[in-house]
Amino acid sequence: MGPHAPRRGSSRGRCCRRDRRLPHTRILFLLQLAMILWCYLMAVFTDPGAVPENWRHDAEDSGNPSFSSSDEQESAPRYCSRCQNGKPPRCHHCSVCNRCVLKMDHHCIWVVNCVGARNYKYFLLFLVQLKHLMRLLCSCLFYTFVSLKHVLV
50 MGPHAPRRGS
60 SRGRCCRRDR
70 RLPHTRILFL
80 LQLAMILWCY
90 LMAVFTDPGA
100 VPENWRHDAE
110 DSGNPSFSSS
120 DEQESAPRYC
130 SRCQNGKPPR
140 CHHCSVCNRC
150 VLKMDHHCIW
160 VVNCVGARNY
170 KYFLLFLVQL
180 KHLMRLLCSC
190 LFYTFVSLKH
200 VLV
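Residue numbers for the sequence shown follow the working numbering, so the first one is 50 and each next one is one higher.
What the hints contain is simulated information worked out from the structure, not anything from laboratory work. Remember, predicted model here, so these are calculated numbers, not experimental data. In this text, a Cβ means the ideal position worked out from N, Cα and C, and glycines have one as well. Check the hints yourself; a few may be wrong.
To be verified - Computed beta-carbon distance windows for the label pairs: (1) D96 / P126: 21 to 27 Å; (2) S144 / L190: 36 to 42 Å; (3) I158 / S130: 21 to 27 Å; (4) P126 / I158: 30 to 36 Å; (5) P72 / K170: 49 to 55 Å.
With the sequences and hints as input, model every part of the structure.
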């Protein structure tokens, strides 16, 4: 036995042993981590949805309930002066990406991309999975501190 081996009766040996009471937490943690990584990569690398070049507002779309709105101004065709292109409803120009994005929510610096029509679900899943992972991590830390308190006392 070396000088760093736990002595009989010391709290160090009990504290550093593997806890077999919660074996599922490691598997759950790895699954959550894989889901977070997948959602993050999908949010980063999925195109948020760009407006096609030379897009024009069709008159027949104005009767469609998905394009109609309560404001008369909103149903009028809009034009982006920066892109020199037509803008569909709920489309906004991102000054960081320098393009118009369909159903743009915001430009996120953490995913280095706009959050728009095509990657919104991945961004939202990323946030939900991150919240679940933080809850799991906090509960494991709480369990560890409570266990250490009983060992050291």
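Query raised in the report: Does the structure break any of the earlier hints, and which numbers would those be?
Result: Hint 5 alone not satisfied by this model.
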